[in-house]
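Visitor: Using the sequences and the hints, build the whole thing.
Top line first, the protein sequences correspond to chains A and B.
Just so we're aligned: the first sequence equals residues 1 to 313 in the working numbering.
Just so we're aligned: the second sequence equals residues 314 to 598 in the working numbering.
Hints listed in this document are in silico derivations from the structure and should not be mistaken for laboratory results.
Do not rely on the hints blindly, as some may be mistaken.
[Claimed, not checked] Calculated Cβ distances over 10 Å to all of chain B for the following chain A residues: (1) Phe46; (2) Asp71; (3) Thr81; (4) Glu82; (5) Val105; (6) Leu118; (7) Leu133; (8) Phe166; (9) Pro206; (10) Gly263.
[What the hints assert, rightly or not] Some chain B residues judged to face chain A by a derived CB distance under 7 Å, without partners named: (11) Gln331; (12) Thr332; (13) Ser335; (14) Phe346; (15) Val348; (16) Pro349; (17) Ile353; (18) Val354; (19) Leu431; (20) Gly528.
[To be verified] Label-pair restraints from in silico Cβ distances: (21) A:Leu180 to B:Ser451: 38 to 44 Å; (22) A:Thr155 to B:Asp361: 17 to 23 Å; (23) B:Ile486 to A:Gly132: 36 to 42 Å; (24) B:Leu345 to A:Leu209: 54 to 60 Å; (25) B:Leu334 to A:Leu163: 23 to 29 Å; (26) B:Phe452 to A:Gly94: 24 to 30 Å.
Everything numeric in this text was worked out from a predicted model, so none of it was measured.
Every residue gets a Cβ at the ideal spot worked out from N, C-alpha and C, and that includes glycine.
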Amino acid sequence: MTATATLTTGGRHRPGRGTPSRPGRPGRMAARLLSLLPATLLLLAFMLGPIVYSLYGSLTDRAMTGPRAADPQFIGFANYTELFASPDFWLSLGLTVVFVLASAVIGQNVLGMLLAVLLRSAVKPLRSLVGGLVVLAWVLPEIVAAFALYAFFQTDGTLNAFLGWFGLEGTSWLYYFPMLSVILANIWRGTAFSMMVYNAALSEVPPELIEAATIDGAGAWQRFTRVTLPVINRSISTNLLLTTLQTLGVFTLIWVMTGGGPGTQSSTLPVLAFQEAFKFAQVGYGTAIATVTLLIGAVFSAIYIRILKPEVV
Amino acid sequence: MATSTAAVSVSAPRRRPQTVLSSILLAVIGVLFLVPLLWIVFASFDGDAQVTMKLPGTWTLENYTQVMTWELTWQPLLNSVVISLGTAVITVVAGVLAAYPLSRYSMRFQQTFMYGILFGTGLPITAMMVPVYALFVSFGLLDSVWGVVVFMAATSLPMAIWMLKNFMDSVPISLEEAAWVDGAGSMQALGRIVIPLMRQGIGVVFIFVFTMAWGNFFVPFVLLFTSSNLPAAVSIFNFFGQYGSVAYGQLAAYSVLYAAPMVLLYVLVQKLSGGAFALAGSVKG
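Guide: Set out below in structure tokens:
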């Protein structure tokens, strides 16, 4: 799968750069290949290996224990037929789409952009303070961030205590609104990335353009939507894809906060794959879910390469 | 910024209210980001820490002294160091070796390789953990620290090769040509000339991979079982899960001890890379 995707994207040929000028010496090509060997072997064994294994394993009835663990049988597309007939899978796929759309595409991107804009116009000490806080939430190990947010959304947690000050009654957020909780948590955790991308992009917008638009009578909103956004268009699309890919793989945050529950109410695809494979011991079935997730990731990754294509290699 | 003299005429009068509004909005968002972080800090110093954020009645180091035992903290942290160092060393060595021919020569399969690498950086690795588990069963690598190290090295290689190639591209090739004239081989040129010139870049990649491995929970969670092998990320989770009523103060203290090195390393990377936007910038390619 990787192979096909890379081949189709690697079609364009460009005359080489570097040094073709060096006089030939025996074994030179061999030395180059030797130098590439350790990385290539690692990538083949532990990146391509699991992907190929994923494709194959999803066609078997491998289980965690019992005879099907030692001697899994090839069962063709039975896992997929079962998967596509399972309401849990479709729920999980839907939850994954909601999670990615709400927390990454909308939440992190919009908040990241807002922060980047605010950071340019707010007073100075506040800028570095808030910028630092947002980045700190991103730098923390994921499990620590997950604990902090678990405590925040808990029934007797900070959020409800805060609502209590205003006479509002809180609820068991993690139980009744598990998706909302993990979406907000992922926004808290991941917005720093978009903020930094947009901060860098905004600093490269030529000030003359903004000034010219101002002179032409454009308001702040018009300047932003008609001048700034089109100029940083590429950063936006790149960032959308990267945050999508990052969010597609989020496991720890959800696992710690809700365990994918209650039931499977917050089981996105990576969580569901883990549950099926390890809690219910259906490794083959879990592998099929993993394969679907990988395929979705592969599609986005391929789009990402297309967008970057003019500037790579 | 608000008093910038460059922005005269039309825009100047609107700057002030805009600054005030921006600052208020920014402060509100800042508070929302601060509260969960403050909870960790306050709870870690609170003898009677609860799940709600509050100022400790009396500040105490008791939580820290209670978790600072060999089994609970030091061994898991040591395991984290071993795993992260191992991963970073393997990744950087294999990454530099691979980046060199990719940066210096043009090879037939180079473009395919680079696209493959870029494709690899985009894949959701967490989605792979079930097949990786099955693969590790076949390899007999389950519960092996080295298995975890090698797997994490492989998954961080695409990003590392990408970053290292970019750093290497900015080392002028003319310096090596001089060395070649003097009869040095390509590996000698790499070791004597290229690597010393890009040591900052290598440092950034090293720390980047190290922190990724340090913060990784899912991979060791799936692949390791023996408690003496577990890195801090997993042992902290077990600690959290084992108790019916969670000892929040200790959990917070433990979290601070585990998170502190990452924050320090991040600051170090910022210094190394000149303060700008090192990690995310490199992700953009």
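Visitor: Work down the list of hints and note, for each, if the structure agrees.
Guide: Do the hints match the structure? See the list:
The beta carbon of A:Phe46 sits about 3 Å from the closest Cβ of chain B, which is not more than 10 Å, so the claim that it is off the interface is violated. No Cβ of chain B approaches the Cβ of A:Asp71 within 10 Å, the least distance being about 12 Å, so the stated non-interface status holds. For A:Thr81, the shortest C-beta to C-beta distance to chain B comes to about 19 Å, beyond the 10 Å cut-off, and the non-interface label holds. In this structure A:Glu82 is separated from chain B by more than 10 Å, as the shortest Cβ-Cβ distance comes to about 16 Å.
The claim that A:Val105 lies off the interface holds: its Cβ sits roughly 15 Å from the closest Cβ of chain B, which is beyond the 10 Å cut-off. Separation of A:Leu118 from chain B is inadequate, the least Cβ-Cβ distance of about 4 Å not exceeding the 10 Å criterion. Its closest Cβ contact with chain B, about 4 Å, brings A:Leu133 to no more than 10 Å, contrary to its assignment away from the interface. With 10 Å as the threshold on Cβ separation, the claim that A:Phe166 sits away from chain B holds: the shortest Cβ distance comes to roughly 15 Å.
Interface exclusion of A:Pro206 from chain B stands, the closest Cβ pair being 14 Å apart, more than 10 Å. Every beta carbon of chain B lies more than 10 Å from that of A:Gly263, the smallest distance being close to 19 Å; the non-interface claim holds. Interface restraint check: B:Gln331 against chain A, minimum CB-CB distance 6 Å, threshold 7 Å, status holds. Restraint check, B:Thr332 versus chain A: the minimum CB separation of about 6 Å is within 7 Å; hint holds.
Interface restraint check for B:Ser335: the shortest CB-CB distance to chain A comes to about 4 Å, inside 7 Å, so the restraint holds. For B:Phe346, the shortest C-beta to C-beta distance to chain A is roughly 4 Å, which falls under 7 Å, so the interface hint holds. Because the closest C-beta pair between B:Val348 and chain A is about 6 Å apart, less than 7 Å, the hint holds. Checking B:Pro349 against chain A: minimum C-beta separation of about 4 Å stays under 7 Å; hint holds.
Taking 7 Å as the C-beta contact cut-off toward chain A, the hint placing B:Ile353 at the interface holds, the least distance being around 5 Å. For B:Val354, the interface hint is violated, since its Cβ never comes within 7 Å of a Cβ in chain A; the closest pair sits about 10 Å apart. For B:Leu431, the interface hint holds, since its Cβ comes within 7 Å of a Cβ in chain A; the closest pair sits about 5 Å apart. Annotation: B:Gly528 was flagged as interfacial toward chain A, and the flag holds, the nearest CB pair being 4 Å apart, inside 7 Å.
A hinted range of 38 to 44 Å holds for the C-beta pair A:Leu180 and B:Ser451, which are about 41 Å apart. Taking 17 to 23 Å as the suggested C-beta distance range, the pair A:Thr155 and B:Asp361 conforms, at roughly 19 Å. Between B:Ile486 and A:Gly132 the beta carbons are some 39 Å apart, a value that agrees with the proposed interval 36 to 42 Å. Between B:Leu345 and A:Leu209, the C-beta spacing of about 33 Å breaks the proposed range 54 to 60 Å.
For the pair B:Leu334 and A:Leu163, the beta carbons lie near 26 Å from each other, so the given range of 23 to 29 Å is met. Taking the beta carbon of each, B:Phe452 and A:Gly94 are about 35 Å apart, not inside 24 to 30 Å as hinted.
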